[in-house]
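There are 2 protein chains.
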Amino acid sequence: MKQFYSNISTQFKSILSSLVEGQKKVAVIGHMRPDGDCIGSTVAMVRLLRSQGVQAIGVNQDVVPDNLKSFLGDTPFITASEFENQDHVAITVDCADVKRIGKAMNELFPKIFLNIDHHISNKNYAQHNIVIGTASATTEILTGLALDLELAIDATSAQALYVGIATDTGQFCYSSTTKETFEMVQSLLECGANPAAAANDLYENESYARIQLIQAFLASLEMHLDNRVCVGTVTDAMYKQTGATIDDADGLVDYARSIKGVEIGVLVEERSGAIKGSLRSKDPKYRVDQIAQVFGGGGHACAAGLNVSDASIETFKPKLLSEITNQLTKIHSA
Amino acid sequence: MKQFYSNISTQFKSILSSLVEGQKKVAVIGHMRPDGDCIGSTVAMVRLLRSQGVQAIGVNQDVVPDNLKSFLGDTPFITASEFENQDHVAITVDCADVKRIGKAMNELFPKIFLNIDHHISNKNYAQHNIVIGTASATTEILTGLALDLELAIDATSAQALYVGIATDTGQFCYSSTTKETFEMVQSLLECGANPAAAANDLYENESYARIQLIQAFLASLEMHLDNRVCVGTVTDAMYKQTGATIDDADGLVDYARSIKGVEIGVLVEERSGAIKGSLRSKDPKYRVDQIAQVFGGGGHACAAGLNVSDASIETFKPKLLSEITNQLTKIHSA
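Line order of the protein sequences matches chains A and B.
Sequential numbering from 1 applies to the first sequence in my numbering.
Sequential numbering from 1 applies to the second sequence in my numbering.
Hints should not be assumed to be uniformly reliable.
Note that the list lumps identical chains together, so a pair holds whenever it fits in one copy or between two copies.
[As the list claims (entries may be wrong)] Within a straight-line C-alpha distance of at most 30 Å, the following computed BS3-like cross-link-like pairs (lysine-lysine) qualify:
(1) K69 / K285
(2) K179 / K2
(3) K13 / K179
(4) K276 / K260
(5) K319 / K276
(6) K179 / K99
(7) K123 / K111
(8) K179 / K24
(9) K240 / K319
(10) K282 / K69
(11) K276 / K240
(12) K260 / K69
Derived from the structure by calculation, the hints contain no laboratory data.
Could you put the whole structure together from the sequences, leaning on the hints where they help?
Here it is, written out as C-alpha cells:
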C-alpha cells in the first residue's frame, strides 16, 4: 500500500488515538470568510473524527458562502455565536496563523490542540502541528492521511475533500498541482466524489450582481506601460449600482492578468475612503510582493495585496503605477 | 498491468503493425477550427507513429489557434495548402463525421484508413474505427491505448494529451470526467505533462479584443421568464467596435448559464444578416436540443446551437423566447 506521508500519518494516528481514548469533544475550526478548502477540510475532519467515535463539530466565525453550502451534507456545523464550549479541544484546518480563525473563536479557544495546514508560512501555533507546505490544499493533506491510515472516506467526505483540492488548485491549474494530487483525486472518485456535481454547485451559482460587477470592472480596464500592465478598478459607486458585495470582487484581477502580453494585472478597489490593491503576475520573477510591500502590503511572488487608508483611486493609482514601473525596469534590466 | 481498453488496444496494435510493416506514410488529420483535443490528438498520434518508425505528419485545413501553438513542439504539422500527398494514408482524430476535416482535406483524402474519436454520434466512416463514446476526449482514448500497449510517451506528447483532456472536460468540470480520466492524467504527469504550464498557455493569452467583447456581452444580458432564462447578444457592431473575431464569442454563453436560478443560458449572435444561437442548460431535462431543432439546429440535451439566415436579433429573439417558454412549461408541468 502506497504511503503519501508515512511518518506524519503515524503521528496523526497517535493524535487520533489520544482523542478517542481521552473521550474528547472536538471543535474543528477553519478561517474567517471560509473558502472551498476551508469548508472541505472542516467537513472531512469532523466526519473522520466522528467515524472514530469522537464527538466532533465544525465551527466557523462566519457563515458558509452559498456556493459551498451543499458540501456540508449532514455534517454538524455551526457559527461561533451558536457554539457552547463544553471543554472542547480545538483543531484548526487551513489556518496559517491562529488569528485567521477570528476574534470570537480566539476568545473561545485560547489554546489549539492540533493545527493542520498547507501554507508554508504557517506559524506552528498548536500543541501538535501537521504542516505540509508542498500539498496543494489542506484537503490534500487530509486525503493523504486518510488513505495512508485506511480510514473510511464516505461520499460526503470524498466530495468535500475533492472540492477543497479543486478550488485551491484553481481546477488543477496552479503549479501546486502534482501527480500525487491526481492520484488522490482518483481515490476520492472511488469513494464517491463527483467532479461535475461539484463544478455545478461551485461555478453555476453566480449572483446577477456579481456578473454586473464583472461587467463594470472589465469596462474600467486600462492598459499601461506598453500593454505590460492592465489595471481595473472597482468603485463604491459600482458596488452600490450593482448590489454586489466585496466578496464578489474575488478573482476579478485574474481577468486583468489573463490578457496576452500583460505581465502584471492589477485591481484597485475603493472601500469607503480606503483602498485595497491586488496584484497578480504571470511569472514569479516580477515579485509583486515587493511592490505591495512599498505600501505596507505583502504576499507571494505572483499574488500580493495591500490596504491603504485615507486614499482615493485617483491619488493612489499613479503612485502604484510608478512603483510597478520601477519594479519592471529593475526586472527587465537585470 | 491495468488495461483501459484491452480488446481495442489489441486491435490498435495490429493496425499500427500493418502501418509499420507496409512502410506507410501517414497524414494525421483533425477537424476544422481545431481545439485543444484536436491539436492534442494530432500531435500525440503523429509522435506515437514516428516513435514506431512510421513517417507521419499532422495536417489541418485551418491554422492552429495562438493559445495552442506552443503544444505542437517539434511535431511535423502543416496546413492543407502546404500538403503534398505522396500516397499518404489518412488517420482522422476527434472527427465525428468525415466532413469535419473540411472540403480541402476531403478532396485530398477520399478514403480514411483509421478514425479515432470519442463522439457517440461518430459515423464510423473509415476502414478501421476506434470510437469510444464514454471517453472524455479523443486524447483520453490515445492515452489509454498508449498506456495499455506500453508505448513510449515523450514529454511533448504527454503535454499534448493532457491539454486535450483538460480542455475537453472543461478543466475536469464536465460529467465525462471519470476516475479513469484522473488515473490517465496521473500517468501523463509521470511522463512530463505540466498542468500549470498548460493552463498558462491556454488561459493567460486572451486578446484585449475578447475581454472587451465579454464586457459588451455581459452588458447586454437580460433576464426573462422569472429569471429562469438569461439571454445575451453579440452584434455586428460589437465585433466592429472591439475588433474581436467570431472565435472570441466561444464560451460567452456560459456566463449567461452560470447565474444562480438560471435554467437556460442563451447567446444570440448577429453575423452579417444571419443569426447564430447557442443554448446551454444546467440540467439535461431541459433538452435544449429540442428547442434548437425548431429552428433547424441541434446538439445535446445541455448544449445546442442553431443558425438562421435572413434574420435580425430583434425579430429572432422573441421567437426563440417563445419556444423556450413552451419547452419550460412542458418540462415543469411534466
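key: Within, between, both or neither, where K282 and K69 count as close if Cα-Cα is 30 Å or less   = Classified as between: cross-chain Cα gap 18 Å, same-chain 32 Å, threshold 30 Å.
request  = Give the relationship of K123 and K111 under a CA distance limit of 30 Å: within one copy only, between copies only, both, or neither.
outcome  = within (14 Å within a copy, 66 Å between copies)
key: Copy assignment of K240 with K319, given that the CA separation must stay at most 30 Å   = within (26 Å within a copy, 35 Å between copies)
task = Classify it for me, K69 with K285: is the Cα-Cα distance of at most 30 Å met within a copy, between copies, both or neither?
result = Intra 38 Å, inter 24 Å, cutoff 30 Å: inter-copy only.
Alpha-carbon proximity context of K260 and K69, limit 30 Å = For K260 and K69, only the inter-copy Cα distance (14 Å) is at most 30 Å; the intra-copy one is 36 Å.
query = Is it within a copy, between copies, both, or neither that the alpha carbon of K13 lies no farther than 30 Å from that of K179?
reply = For K13 and K179, the Cα distance is within 30 Å both inside one copy (25 Å) and across copies (28 Å).
query = How would you classify K319 and K276 at a CA-CA limit of 30 Å: within, between, both, or neither?
reply = within (14 Å within a copy, 46 Å between copies)
request  = First find the shortest C-alpha distance between K179 and K2 inside one copy, then the shortest across copies, and answer within, between, both or neither for a cut-off of 30 Å.
outcome  = both (14 Å within a copy, 18 Å between copies)
query = Under a CA distance limit of 30 Å, which applies to K276 and K240: within one copy, between copies, both, or neither?
reply = within (17 Å within a copy, 35 Å between copies)
request  = Check K179 against K99 for me: Cα-Cα at most 30 Å, and say if that holds within a copy, between copies, both or neither.
outcome  = neither (33 Å within a copy, 38 Å between copies)
message = For K179 and K24, with the copy left unspecified, which applies at a CA distance of at most 30 Å: within, between, both, or neither?
response = neither (36 Å within a copy, 37 Å between copies)
message = For K276 and K260, with the copy left unspecified, which applies at a CA distance of at most 30 Å: within, between, both, or neither?
response = For K276 and K260, the Cα distance is within 30 Å both inside one copy (25 Å) and across copies (28 Å).
When held up to the earlier numbered hints, the structure conflicts with 6 and 8 and fits the remainder.
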